[in-house]
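Undergrad: Chains as they are written, first to last, in my numbering: chain L, 1118 to 1678; chain V, 984 to 1282.
Wrong hints could be hidden among the right ones.
[Said to hold, decoys possible] Cβ-Cβ distance ranges computed for the label pairs, FRET-style:
hint, chain 1, residue 1, chain 2, residue 2, range
1, V, T1260, L, A1196, 54 to 60 Å
2, L, R1150, V, D1086, 52 to 58 Å
3, V, D1262, L, R1673, 24 to 30 Å
Quick caveat, the hints were computed from the structure, so don't treat them as lab data.
Virtual Cβ for every residue (Gly too), placed ideally from N, Cα, C.
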Amino acid sequence: MNLSSFGPALFATGLGVLAGALFLLQRLRVRHREVRVPTVLFWREAVEESRARVFVRRFRHPWAYALALAVAGLLWLAAALPRSDGDPGIEHLLVLDGSAAMLRGERFAEAALAVQQRASELPRASTRVVFAGSRPLTLLAPGEELALLRRRLEAVTPEAAPSTLADAVRAAAAVVAPEKRLVAELHGDGALDPEWKQALPADFLVQRVSSPPETLDLAASITAFGISESASGRWDAVDLYLRVEGARSALSMELDGTPLLAEQAASAVGVEYRVRDVAARGETWSARLGDAAVSSDASVSRVLPARAPLRVALSPRVPSSARAALAADSGVALVEESAEVVLRASGEEFGLGLPALEFVEPSEEQAAFTVRGPSSSGAEDEVLALFERLGLREVDAVTLAMVADRPIELRFVEDGAGRSLEVWDSLFSADFDFAQTRAFPLFLAAAVRWLAAAPELRSDLAAGAWIPAEDAPLRAADSSFLDGAGAAFRLPRAGEWTDAHGRLVTAALLDPALLAAASSASYRDDASARSSVTDPMPWIALLALGLLVSEWILFRRGRIP
Amino acid sequence: MAAPRIPVEELCDARFLAALERLRIVARRVAPRGRFAEQRSRDRGSGLEFKDHRAYTSGDDLRTVDWNVYRRLGRMFLRLFEELEDLPLYLLVDVSQSAYFEDPPRARAGLRAALALAAISLSQHDPVGVYPFSDDLRVLVRPASGKSRVLGLAQRMAEIEPAGSTDLARSLATFSALRQREGLVVVVSDFFDPAGLEAVTEALGKLRHRLLLLRLKRAEDAEPTLQGDLRLVDCESGMGEDVSISSSVLTRYRAAYARFEEGLASFALARGAGLLTLDADAEVVPQLERLFAGGTWTA
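Based on the sequences and whatever the hints tell you, model everything.
TA: Okay, here's the thing in structure tokens:
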């Protein structure tokens, strides 16, 4: 048992002072009540006999003193707010959900109150309270005064952020001593992946203990929002996509203030809106819902890419089929000078130093497609990504292999000097029908854009989404900023951000699970999950009351004065 | 605050007197010299009740010869008859402060008991005198007989005012100095004399009269209900005693009180005196009836 209000030393000192004060009171001259009696004859005899036997003249009632000291001691103990230490082998964790799911109604206030209550019931020395907002934040460390929790709770509010309940538990579990086990209580409605607990030790007990909301409203939310490459293949245009789930609500869409008409299609998950071939001129696309479950899902905005045609120079030895395909690409401008990418035959010095697509003689060592460039991840991943990005999935490699009588391979060679792509020149000869396939112009277009390192489109921008390092830092409206320190990072919460290029982006939650995943089935107020810590206060109060009653009875019977 | 007198209505009423009619005090023997009444004297005389025979001697009254005896035995014997004399009743009533300060006062029960005994004696033609006492004794009513004097006695008793503290030894000495004819002395008191029980019994032992002690008590005397830290003030002397009531103190108090009761009872037994304890809170006449078992009490 420990004392919440003050330490053992102060408690012992106080008890000593009480004992001394009561002792002095006992020794004080008694103020007698005057009562007239027919005679004092017998009283005098009785008192004289007792006086002769009293050891200390004025300390006449040791039992009364003991009773008074016991009652005073118990009250002093109650003032010290004793708490049971509970099971010393258990570390308690109370997680208060501060995610977007708690933005609805009074859910957060209710959960905060429940956390406060539970924290007061659990042993202070082994209880940690964590706020799981856009990132986990410890509100009360083990051993800290409970009074601090109330003030710190007043300083936090739920954020338009994905649930970080799992992160909070994982972080706490990481610092639990090996001989102890963790009992975590999750207070809130934030979503949890059913699989996430598998990473924790089996004897760790994690339980959502709050009650489910009376109604899980399904107000409208923008749950998907993104830009994709134009399905028509136009480089200078993009397709827009937006999905609204929940109750029907009016949606308005604008492009730099100009209303935008979209195709609508009802699906199983909501209403999908599409706008095709929107010119990529760096304009701001915004959408607003008339009514949304949480404000963060009421509006979204995104700056479209500004795409100028890619400047490509071709050496005279470039196959004519390639020249024709690039000339037909509206996103490519064939130039003589100031090219960003060149196409040349192997061994030529045309556009030396620029990213180049080279046509090479097939040889034993030479793969059909050889990519050179700096690596940012594992080679295998890089090759797979390139395979997709260069559109090679569309190439009928089997047919090519049969004609060439050797495997058609894609090889990645790490090269810090710059990007280049080598392709067999024979693929463009009459022996192969590669130049006649649908995949050919797609391959060429993808190849020159990869060589030019043209930025990829981010399909959406949502809380919890990964942000590439080059967009860092992201600056929030309150001037705080996020930076992955050279690495990609996750957008912690929804809201308005300004990226490194000065572009204003509005991030939505875009995760229907945030609001809907916390279904009633995921709430189980399991009493066994709660640590049964005995609060000694009621017993102290009962004992003090019992002693007072005893004192009263003894007083009434004349056993003590 | 002066304690009030006991009004005459509280001392005496018709029902009270009627309840006493069947009670009778009989003396074992009274001293000769008194006037004729209903008590047996030590003398043989001209009374009505046969007592004994004795041999005839010259000069005896022939009317007293028992001729039946002479016929059977041939010798002359005289029939002796009991001489009846009166039994003076001296009522010594405690009127100290302690008899008056409670409610109802002990004096009320004491005076009613005294009046009851007076009524019984007067109905037997015995003279009755009343002597209230506290720190000294005074004569309220000199001994006189007459059945019609009961109400007069009651009125005189109602005039009694509480006074002083108890000094039984001095009061009894004063009474003895009055040189009253031998009779029955009834002391009505709580016997709470500051001088202690020993001084009281010593003084009582010096009396040459027959003695009846009527002790006035209350239930609280034996089982006090006092609690806490108290300054107990003697209602007569005003002396205070600081007492913190505890179980041990109460135990010792009860022991002291029991010693007092036993001392008084032992004295009465040794002296051949009557002792009746009257509950001051209860009706007096039913309690007196315990004394008059079968309607008669022999002094």
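Undergrad: The structure should be examined with respect to each hint, and the outcome stated for every one.
TA: Hints, verified against the model:
1. V:T1260 / L:A1196: 54 to 60 Å: holds, 57 Å
2. L:R1150 / V:D1086: 52 to 58 Å: violated, 19 Å
3. V:D1262 / L:R1673: 24 to 30 Å: holds, 26 Å
Going through the hint list in order, the structure does not satisfy hint 2, though it satisfies all others.
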